[in-house]
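S.K.: With the hints as extra help, turn the sequences into a complete structure.
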Amino acid sequence: MNLDFSDDQKFLQEEANKFFTKEDTLKRTRAIMESDEPYDKELWSKVIELGWTAIRIPEEYGGLGLSHLELCVIAEEIGKSLAPIPFSSSVYMYTEALIESGNEALKNSLLPSLADGSAVGTFAAAESLAPVSSENIQTVVTNNAVSGTKIAVPDVEAATHVMVLCKNGNNVELRSVALDASGVSVTLQANIDPSKSFYQIDFNDVESELISEDGWSRWEHLLDQAAVLVAFEQVGGAQASLDMAKAYAMERYAFGRAIGSYQAIKHKLADMYISLTLAKSNCYYGAWALSSGSSELGLAAATARVAATKAFQLCSKENIQTHGGNGFTWEYDCHLFYKRSKVLSLNLGSEAAWKEKLVTNLDKSNSIGSNQ
Amino acid sequence: MDFKDTPEQAQFREKCRSWLEANAELKVGQGRTVEGNLDEYLQKAKAWQKKKYDAGWAMLHWPEEYGGIGASPIERIIWSQEESKFDVPGGVFEIGLGMCGPVMMEYATAEQKKRYLPPMAEGKEIWCQLFSEPSAGSDVAGLRSKAVQDGDEWIINGQKVWTSGAHYSDFGILVVRHDPELEKHKGLTFFFVDMKSPGIEVKPIKQITGSAGSGSGFNEVYFNDVRIPDSQRLGEIGDGWKVAITTLMNERLAVGDARGSDIEDALTWAKEQDFNGEPLIKHGGVREKLADWFIEANGLKYTKFRTISALSRGGTPGPEASITKIVSANKLQSIGNFGIDSADMAGMLRQDSGGDLHAFQMAWLGAPGLRIAGGTDEILRNIIAERVLGLPQDPRADKGLPFKDIPQGSAN
Chain R
1 MNLDFSDDQK FLQEEANKFF TKEDTLKRTR AIMESDEPYD KELWSKVIEL
51 GWTAIRIPEE YGGLGLSHLE LCVIAEEIGK SLAPIPFSSS VYMYTEALIE
101 SGNEALKNSL LPSLADGSAV GTFAAAESLA PVSSENIQTV VTNNAVSGTK
151 IAVPDVEAAT HVMVLCKNGN NVELRSVALD ASGVSVTLQA NIDPSKSFYQ
201 IDFNDVESEL ISEDGWSRWE HLLDQAAVLV AFEQVGGAQA SLDMAKAYAM
251 ERYAFGRAIG SYQAIKHKLA DMYISLTLAK SNCYYGAWAL SSGSSELGLA
301 AATARVAATK AFQLCSKENI QTHGGNGFTW EYDCHLFYKR SKVLSLNLGS
351 EAAWKEKLVT NLDKSNSIGS NQ
Chain E
1001 MDFKDTPEQA QFREKCRSWL EANAELKVGQ GRTVEGNLDE YLQKAKAWQK
1051 KKYDAGWAML HWPEEYGGIG ASPIERIIWS QEESKFDVPG GVFEIGLGMC
1101 GPVMMEYATA EQKKRYLPPM AEGKEIWCQL FSEPSAGSDV AGLRSKAVQD
1151 GDEWIINGQK VWTSGAHYSD FGILVVRHDP ELEKHKGLTF FFVDMKSPGI
1201 EVKPIKQITG SAGSGSGFNE VYFNDVRIPD SQRLGEIGDG WKVAITTLMN
1251 ERLAVGDARG SDIEDALTWA KEQDFNGEPL IKHGGVREKL ADWFIEANGL
1301 KYTKFRTISA LSRGGTPGPE ASITKIVSAN KLQSIGNFGI DSADMAGMLR
1351 QDSGGDLHAF QMAWLGAPGL RIAGGTDEIL RNIIAERVLG LPQDPRADKG
1401 LPFKDIPQGS AN
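Residue numbers (the numbering used here), protein chains in the order written: chain R, 1 to 372; chain E, 1001 to 1412.
Calculated from the structure, these hints are not laboratory results. One or more hints might be untrue.
[Claimed, not checked] Below are the DSS-like pairs computed for lysine-lysine, each with C-alpha atoms no more than 27 Å apart in a straight line:
1) LYS10(R) <-> LYS1301(E)
2) LYS364(R) <-> LYS1146(E)
3) LYS364(R) <-> LYS1301(E)
4) LYS1282(E) <-> LYS364(R)
M.R.: Now the structure itself:
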């Protein structure tokens, strides 16, 4: 039994933790929140220098050829620090889509650039208030040219390329579009977490390259993979929120004693710890399924994502509650985590949608989980 | 990251497995040896324990002189994983071997260990734990049973409660108050006692399930001028709390998953049960609940695996296992409630044993007890907050007071 990260992976996590601490990342996040800058360019270039964008890219394409587990530990630290960089859209989504693409020309032209940071990817799926499905996609591709409108596309100002979920006749395809191609127009969309940026993209007969013809099942697989990685970010955020709440509960006195000595606060924090622990263990299950190519990935991803969504939302909202009035001010960092928790709970589809996936997986399988 | 044994662990697992296959039957479904008749069950349990003892499987981690093989924690886990796949009687020795044994090992004299530990391991003698009292539950150090020294003996008077298995136990470990003038924790002393001693009276407690005294049922135990030789004192006079803590620490390790209806049962039931002409599992509200229970059940399963992984590498597990009982007991109550509710009006009717609905009813009736036994939900939250997160203790109204001056409520 070895449900744990290796010593090398733990070392990488410690290094990532030290790096984000040294960079005073929360302060950077706040600065992005309060400015028109869409992301922290300096921090992003340092992350590229550290090689983290190249982790999963095979060596023959200029990458490091490491596993998803290395990404999991980085993700947890990004979650703790709220790093305002376009990591997840480029690394968990666009890069992963290319790594598994059958389009060798596209891989050769872009994977080395994604590894060295000269190319950055993102993904465009949503089109309306209705969850995106294989049925309701309106964006179309004809003769390799994409037309349609996508909303809530993350990190577009950082990106050079976007993966587009579109329809070719009745078939769903994943396509790559260069954002500097003619016919692309981009509009910033205000969102609930100003440390992140989302955009509307209008595609008007834009030249594209095929990533996968088997678009819908590829897309679902990519979402499953990314759900595990984002779940690690959520667990990191939940841990940071719990740590903040704990520190404040020790320092803040009311009625002559630390508020952390009252059971109302203790039990609240214990519930946060319970939720976080369940989420973390479910994430380890997800990490195992992701890194071993298990057929349980669908179930494991949904389980990790729902558990991590619940944990981060609980911990971030109860962190505000523990801080009392201070928690509601702009000055304290509580709201940064509260807002990020909501964005992370939606960026790959809602909690309700993932619960539905979870139960669909349970419903169709005759036995739950295969291990031991 | 994987779930595989190391070659040594695989070899050990194979050894366990082949012995078990030669000596027991594999479980069919949730199958378990009939528990109906207590005497029969005890006999079977003792016979199985003896068989294990003779073959060296009874107390793997104990030293050889008391019947063990000095096994590592991971080997214990492998054994219990394999044993749990077989239809064998369990339960009656858990308190003795899990809590009384470790205390005897630490505090009894060499001769006492030689006398008591092997029969305990062999299943010849069953032990119980006499801590809780009518006025001392979560605040167990507030116990009142009295010990008065009389030459080489102590005279015990008082009442214990919630003593699992007292009605079939041969010995018990006991904490009592030798001096009410001292502070609460300082006036306690620890003994072991022969349960057949004159003056001990055991009365089964009728529980909310309606049953009493079966299996590892609970009892009240009355002490009327019971004499215990001073040689059966464990630890110094006044060290009772320190000794009790050793036991409670072991209890926390021993009290784990709340057994009973779980996510698999809820899922099977939801697929089979009809709701407005459709399988119940199609119902949105039910799907939401199934997702929540799966996250809890799966989270606990992999939390356990993380603990085992740490042990497997010879490390110390983190505090993550502290969430197990609180999560599983509440999940059990919630799943039991769901099962009953989904039978609509028929859910009110008590069912014969064997069926799913009966199991849900038993889960619902039994869960309140599991949310209390071995540390209430509230005490467990305090423990997580204080010991895991490091928050300060509550100020205590009884601090520094002689025990006799501590305020008591009318319900104590």
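S.K.: Can the restraint linking LYS364(R) and LYS1301(E) be considered satisfied, given a maximum Cα separation of 27 Å?
M.R.: holds, 21 Å
S.K.: Run the distance test for LYS1282(E) versus LYS364(R): straight-line Cα separation, threshold 27 Å.
M.R.: holds, 12 Å
S.K.: With the threshold set at 27 Å, check whether the alpha-carbon distance from LYS10(R) to LYS1301(E) stays at or below it.
M.R.: holds, 22 Å
S.K.: Hint check: LYS364(R) vs LYS1146(E), CA-CA at most 27 Å. Holds or violated?
M.R.: Violated - the C-alpha atoms of LYS1146(E) and LYS364(R) are around 61 Å apart, more than 27 Å.
In this structure, only the earlier hint numbered 2 is contradicted, and the remaining ones agree with it.
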